[in-house]
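S.K.: Use these hints to put chains L and G onto chain W, whose structure you have.
Chains as they are written, first to last, in this note's numbering: chain W, 1 to 640; chain L, 641 to 906; chain G, 907 to 1263.
Just so you know, these hints were derived from the structure itself, not from any lab.
In this text the structure is predicted, and so the values were computed from the model without any measurement.
Take the hints with a grain of salt, since some may be wrong.
[As the list claims (entries may be wrong)] Distance ranges between label pairs, derived from CB positions:
1) W:E527 / G:T1231: 18 to 28 Å
2) L:D664 / G:L1189: 56 to 66 Å
3) W:F343 / G:L1189: 28 to 38 Å
4) W:A21 / G:L1121: 29 to 39 Å
5) G:R930 / W:N523: 38 to 48 Å
6) W:A6 / G:V1153: 22 to 32 Å
Heads up, the beta-carbon is just placed ideally off N, CA and C, and yes, glycines get one too.
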Amino acid sequence: MPVESATRAVRTGLVAFAFLAYLIFIGVPGKIGGSALPVLALISALFIWLALRRESAALSGTAVDPGPGAYQKKPGWEIGPRDTSDASPFVDHLPFSVVTGFVLKGVLAGCTTGLLIAVLSGVSATAMGNGVSIQPVFDKIVPVNVAALIGVSPGQIAQAEVPLLRFVLQVLFFAGAGLLAALVAAAARSSQSQAEQLARLTTRLSGPTTVNVARYAGVALPFLLLAYIAWLGLPGVSVFGSNEGTIRLLITLIATGSGLFALRLSLPGRERTVVGVLLGLGVLAMPFILDQFQNSVMGLVFIFVMMGLGLNIVVGYAGLLDLGYVAFFAIGAYTYAFLSAPFSSPYVSSLLLLLGVAPESPLLGYWMALPVAMLTAAAGGILLGIPVLRMRGDYLAIVTLGFGEIIRLFMLNLGELTNGPRGILEISQPALFGLSPSSVTFGLLSSQGWIFLLALVSSALVAFVAIRLNDSRLGRAWFAMQEDEDVAEATGVHLVRTKLLAFAIGATFAGMAGQLYAARQINIFPENFSLFVSIDALALIIVGGIGSPAGIVLGALALKGLPEVLRGVDEYRIVTFAALLVIMMIVRPAGILPSARRRIQINDPNEMGPDSKIVSDGEAEVVQTAGVAKNAANGQEEAM
Amino acid sequence: MTALLSVQRVTKVFGGLTAVDGVDLDIEERSITSLIGPNGAGKTTLFNCLTGLHRPEVGEILFSGSSLIGLRPDEITDRGVARTYQNIRLFGRMTALENVLVGQHLRLEASHWSAVLRTARQQSEERAARELARDLLDFVGLSGREGVVSTNLPYGDQRLLEVARALGSRPRLLLLDEPAAGMNPSETDRMMDLVHRLRDEKGITVFLIEHDMKVVMSISESVAVLDYGEKIAEGTPEEVRANARVVEAYLGPEVEVQEATESASH
Amino acid sequence: MTSSPATVQAAGTEGRTSLRQFTRVLGAVILLFVIWRVTTVGLSEGYPASFWISQALNGLVLGGVYALVALGYTLVYGILFMINFAHGEVMMIGGITGYFALQFAQARGWMEGPWAVVVVALLLIMFIGMAASVLIGVTLERLAYRPLRQAPRLVPLISAIGASLFLQYSVLLIFGVSPHSYRKPALISGGLRLGDVFIPYTGAIIFVTSILLMLALYFIIQRTKLGRAMRAVAEDRSTASLMGVDVNAVIVVTFMLGSALAGAAGVMLGFHNTVVKFNSGFLPGLKAFTAAVLGGIGNIPGAMFGALLLGLIEAIGPSALGIPTEYKDVIAFSLLVLILIFRPTGLFGEVLSEKKA
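Bound-form chain W, shown alone (with noise of 0.2 Å):
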C-alpha cells in the first residue's frame, strides 16, 4: 500500500512535469518573467490538489462530482452504471496518519516535479554555458525561459555562472508548492461535513433573503458595470494611464457576459422582462460611448455572434457538422465587395464595362447589396448541401472541411476575378439615407461603432428567427433530425427540404455576417477566410453550449473579445482554444450556458415534473436574451 501510493505520488508529480515542461517549451516563463518559478510551482500544487482531491474522495467512498456536464449524469449516454449517489458521508476528523500520509504524497509528488525540472533546466543552463548550441529550439528556450526559471539573468548562464544553490531552490519551491496542496486537501477533506452543516444552516435561518440579496447584486452587476464603462468615457477620467482603453474593453465584454447571467438570475416575467430592456437598452449605448479600437473589436465580436447563431442552426439544431462554413462568410464578403468596391477586379470591371456602368462607383448600396449576398450565400449553402445531403456525421464534417479549403483555394487562383492574394481593395461604408452615420448623430457614432451597432442590431435580428425557428415544427423536425434521421424521415419529415433549409438559412446568416466583415475591413485579401474562421466559429457556439444563443454571445465575448484585451498573450491563443475544445469535449460538452434541451438531461430526471416547468423557462429565458421578443416568454409558457 506504501508502494502503490508512492508510486501513484510520483506519477501526479510527472504528469505535473509533464505540463509543466510543455509551459517552458511553448515560452511561457519567459513571459512571466521574474515571478515565473512560483507560477508555475502554484501550477503544479494544482495538479496535485486535484489529484489528491480524487485520492481522498476515493478513500473515503464518494466519487468526486464530475460537474454538471460530464457523461456519467447523461441518460442514453453511457452504458456502464452511473449512479453515484449512495455514497458515504465524510468523516468528520481525520486520524493523524491520514494527514501526514497526504503530506508525504504531496511532498513527494512536488519533488519529482522540482526534481525534473531542475534537471531540465540544469541540462539546458549547462549546455548553454558551456557554449554547446544543441538547436535551434533550445537555444531559443534556454536563455530566457531557463534564466526566469532559475531566477538568473541570461548573461549569469552563458558564463556558466549559476550557483546550485538555484537548482535546490527549485526543488524545495515544488516540495512547497506540494506540501501546500496536500494541507489544502486533507483540509477541506476534514471540514467539509462541518462546512456543509455550516451551509445548511445559513441557508435554512436567511435563506431566502440572502438568496434575493445575491441575487439582485447578480442583476444590477452589469448596470453597474455599464454605468462604469459610461463614466470612464467622460473627458478628464482616466485609469492606469494609457491603458485605460484595454481596461474599458475588458469591463465591457465582462458587462455583456455578466448580462446574460441577470437575465438567467431574474425571474420570469415581468422581472425579466424589464432586465432585458434594460440591458438592450445599455448595450444599445455602447457604441456611443465606446472608442474607436472597443468598436472595432465589439464589432468583430458580434459580426462572430452572427456567425455562431448560424453555424448553431447547422450543427445544433440540425446536427450536421460543418466545417466548411467559412465558405459563405466568404461568399458574403465577396458579394458585396464586388458590388462595391470600384475596380473590385479585372473580371468584374470589365463585365460592368460591357452593361455600360461606370466601374468606379459602387453598383449597390450596402442596404440594396444585403439582399444579394444574403441570396448568394443561401445559394452557395443550397449547392454544398446537396451533394452531402446522404453524409452523416464525421464523413460531412470531413467534406465540408474540403469545400472550405477549395473555395479558398479558388479565391487565391482565380486572380481574374478575385484579384487573387492582392484582395479587394476600398469596400464602400455603410450609409444610412446615402448620409454617414456621424452626420446623422452628430458625430457621436464612429465609423466602427456604426459597424459595432449594425452587427448588434443584425445578431438581434438572427437570433431573433433563429429561435422562432427553433421554436417552430421546423426546430423541430431539425431536432428530431439530429436524434433520428430515419425514424425522422418515416414519422414524416422531408429529410431533404429540411437539411437544406438548414444549410441554407445558416449559409445565409454567415453571408449576413460576411458581407459586414467586409465593409469593417475595407479591404479583403483570402486569407481573411481561412479554415481558423470556420474553427473559431465552431469553438464558441461549443465553448457557449450548443444551441443556446445566449451561450453564442458568451463564448463570442470570451473567444473573440478576450484575445484582444491580453494582446501580449496573443501568440497562445489558438493553443488554448484548442485545448479547450478538447477538455469542454470531457468535461462539460454542453457548454458554459448550455441551452434548455441540453440542460434537461443534465438535470435528475426525478425533478423534472409533468408540468415541465424547466423546459419552459429555460427556452423563454433564452428569447429574452436576444433582447427582442418581449411576449415570447408568455408565448412559450402558455404553448407548452
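M.R.: Leaving out everything else, chains L and G in the frame of chain W:
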C-alpha cells in the same frame, strides 16, 4: 370491398439472402391483422418495405388503390401509413409531447415565415397541435407525462409513446412492430386494450408483428405467417393454429438446424 | 438479422429516387467534362511519354506515403468508428523529430561516413520519428479520445479537431514558423536515369520502404495473436471483451501501429518534400483520409490501393486536365466529395459499413 392494403408478390433480397419472398397479403379496412413467424422470417423487412425504408425488387404494394413503391418514407406516412419500431426508436432527448408533435409534422401547414412572425394562424395551429398531442397522450394512457424526456420514461411507456407519435400523423393504417415485446402481463393487457381502442374509437386499421401468441390469438381477426420470407399460412387465428406447416415452422422437426442457419445469417 | 437498426439505416437511402437520379446526372456531366478536358487539352499538349511516366512514378511515391498515413485512419476507424482528425499531426511530429535526429546525425558527421553507417543512421532517424509519433498518438488516445468513448459521435470528432490544432500550434510555438529543411545525405541524393525518365533514389527508397511497412502491418494483422484480437475488437467490441480480449490494450496497440506508420511517413515525406513545418501534416493528412475513403474506410488493402491511386491522380491529373498545378489540392478534395456522393463505401467497400451509423 377492396382491401386497404394490398401486398402483391413482394420480394426483397439482401445480397444472396431472400428476406421476403413473393409475399401476397390483403388487409381489410378497420381490421386487426397479425404477422407472425420465427425470428428472421422477414417480418420487419416486410414492414420496412411497406414504409419505404426498403424498396422491394419485385412486387407491388397498393394502399387504398395507389402504389407505394418508390415513394419516400415521409411520402408514405403522408398517405396514411405510420409505424412503431421493434427496438424502440423515440427521439430520446425530446419530451413526450415533443415526440408527438414531431409525429404531427406532416399535418402542420404554417409556413416557416409565419413561424418567425408568429402569425395568428400559426399560433392557433401550434395550439391545436399541442392540444391534439395531449389528447393522443391521454388516449394511449400517458396523461400527465408530456413534459418527461422520453428516455426517462419506463420501458412500457416508451412503447405507448411510440404509438402516440405514430398517431400524430393521423394514419389510416398503423404498423406495430412487436408492441408487447418485453412487457409485463399488465402492460401487455394495456397494450391489447389500446389496439382495440385504436380500431374501435379511431377507426384505424392495425397490422402488427407479435411473438406473444396469447396476444396474437386474442386480438387479431386474421393472422399471416411468414417463414424464411415466404407466407406459409393465412386465416383466422383458429385456422392458423390448426395449420400443420405453421406448427412445423414453429416447433418443427428441425428446430436446431433452423436456429443454426439463423445465427449464421446474422 | 433483418430487424437490426443497422440494416434499416443502411437501407435508409435506398428510397430517395429523385436524389439518385440527380447524382447520376451529375456523375455523367462530370465524366463528360473530364473526358473532354483530357482529349482536347491534356493529350493535345503533346507531352512526351517520359513526362507521363515520371509523373506517374512521382505519384506512386506520394501514394506510398499517403498509404502509410491512410492506414492509420483506417485502423482507428475500423476499431473505434471515429476519424482521428489529428492523425496528420501525428505524422508531422514524426517528421519534425526526424529532422532533429537528422541534424544530430549530420552534426556528428555520420551522414558522410561509409554507406553502412549512413543506412543505419537513416534507419535510426526513421525509428526515432516513429517513436515520437507513437508517443504522441498514444497520449492523444489516452487524453483526448478515451474519456469520450461512449459519447455521441460528434463529441470525439470535435475533441480530435481540438487536438489537431493543439498539436499544430504547439509545434509552431516551440519550433517556430519557419520551415525546417531536410538535407539529404550524398548517398541518396542522386538518382537513376532510364532513358528520359529520372528516378530519384529517395523516391525509390520511400516507395520500397512503404511497401515493406505495409506488408509488415498486413502480417501483424492477419498472422499474429495481436492481429486476431484487433480484428475481433473491430468486429464487436463487447463480445471481444467477453471473450477475454483486453479492449483498451488493443485500442492502444492500434493507435501505436497507426502512429508508427505515420511517423515513418512523416520522416519520408520530410526527405521527399525537403521541408517540414508545423502545418505540413494537415494537407497530407486530409489527402490520406481521402485515400482511406477512396479505398473504403476500415478496409486495409483498400486504403493501400486508394492511396496509390490518389497519388497517381494527383500527379497526373493537373497535366491531363490541362489546369494549373495549384489546383492539385482541389482535385484531391473534389475526388473525396465525388466518392462520398457516388460510392460512399469506397472502391473496395467499407468492411464494417453496417456499424457506421
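S.K.: Is it true that E527 of chain W and T1231 of chain G lie within 18 to 28 Å of each other by Cβ?
M.R.: holds, 21 Å
S.K.: Cβ-Cβ distance between R930 of chain G and N523 of chain W: within 38 to 48 Å?
M.R.: The hinted range 38 to 48 Å holds for R930 of chain G and N523 of chain W, with Cβ atoms some 44 Å apart.
S.K.: Taking 56 to 66 Å as the stated bounds, is the beta-carbon spacing between D664 of chain L and L1189 of chain G within them?
M.R.: For D664 of chain L and L1189 of chain G the Cβ distance comes to about 58 Å; the hint holds.
S.K.: Would you say the C-beta atoms of A21 of chain W and L1121 of chain G sit inside 29 to 39 Å of each other?
M.R.: This hint holds: roughly 38 Å between Cβ atoms.
S.K.: Could you check the hint for me, namely that F343 of chain W and L1189 of chain G are 28 to 38 Å apart, CB to CB?
M.R.: holds, 34 Å
S.K.: State, for the Cβ atoms of A6 of chain W and V1153 of chain G, whether the hinted interval 22 to 32 Å holds or is violated.
M.R.: holds, 30 Å
Consistency note: the structure conflicts with none of the earlier hints.
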